Amino acid sequence: MPEHDAETARRHLSHVPAPRGEPYDLSGSVLDILTEGGTRVGLAWTDARSARPRSAGS
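Residue numbering for the sequence shown is 1 to 58, as defined by the working numbering.
Keep in mind that the hints are not guaranteed to be accurate.
As the list claims (entries may be wrong) - Simulated restraints, written as ranges between beta carbons of each label pair:
hint	residue 1	residue 2	range
1	Arg-40	Pro-19	14 to 20 Å
2	Gly-37	Val-16	19 to 25 Å
3	Thr-8	Gly-38	14 to 20 Å
4	Gly-38	Pro-17	27 to 33 Å
5	Arg-20	Arg-40	32 to 38 Å
6	Val-16	Thr-39	17 to 23 Å
If you're looking for bench data, these hints aren't it; they were derived computationally from the structure.
All of these numbers come straight from a predicted model, not from anything done at the bench.
Every residue, glycine too, gets a C-beta built ideally from N, C-alpha and C.
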């Protein structure tokens, strides 16, 4: 899996507010931890019309 997939996933995942309301990239933080540990991360989603998993390249 290309390394840029983690960056693609990071751009497309949601941001949540921190306890005091400032923006916090929870998904990005999780992706950083996973990729730093050597986990390869990619972006996948479900097509709501067919409920079948699709990859970012589909």
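Could you say whether the range 17 to 23 Å given as a hint is met by the Cβ separation of Val-16 and Thr-39?
-> The hint (17 to 23 Å, Cβ to Cβ) holds, given that Val-16 and Thr-39 are roughly 21 Å apart.
Regarding Arg-20 and Arg-40, is the given constraint of 32 to 38 Å on their beta-carbon distance met?
-> Because 34 Å falls inside the window, the suggested range holds.
Beta-carbon spacing of Gly-38 to Pro-17 - inside the hinted bounds 27 to 33 Å or not | The hinted range 27 to 33 Å holds for Gly-38 and Pro-17, with Cβ atoms some 30 Å apart.
Starting from the range 19 to 25 Å, see whether the pair Gly-37 and Val-16 falls in it by beta-carbon distance.
-> Roughly 22 Å apart at Cβ, these two residues keep to the hinted range, so it holds.
If you check the beta carbons of Thr-8 and Gly-38, does the distance land in 14 to 20 Å?
-> Check passed, 19 Å falls within 14 to 20 Å.
Supplied distance hint 14 to 20 Å, evaluated on CB atoms of Arg-40 and Pro-19 = 31 Å, violated
In this structure, the one hint that does not hold is number 1.
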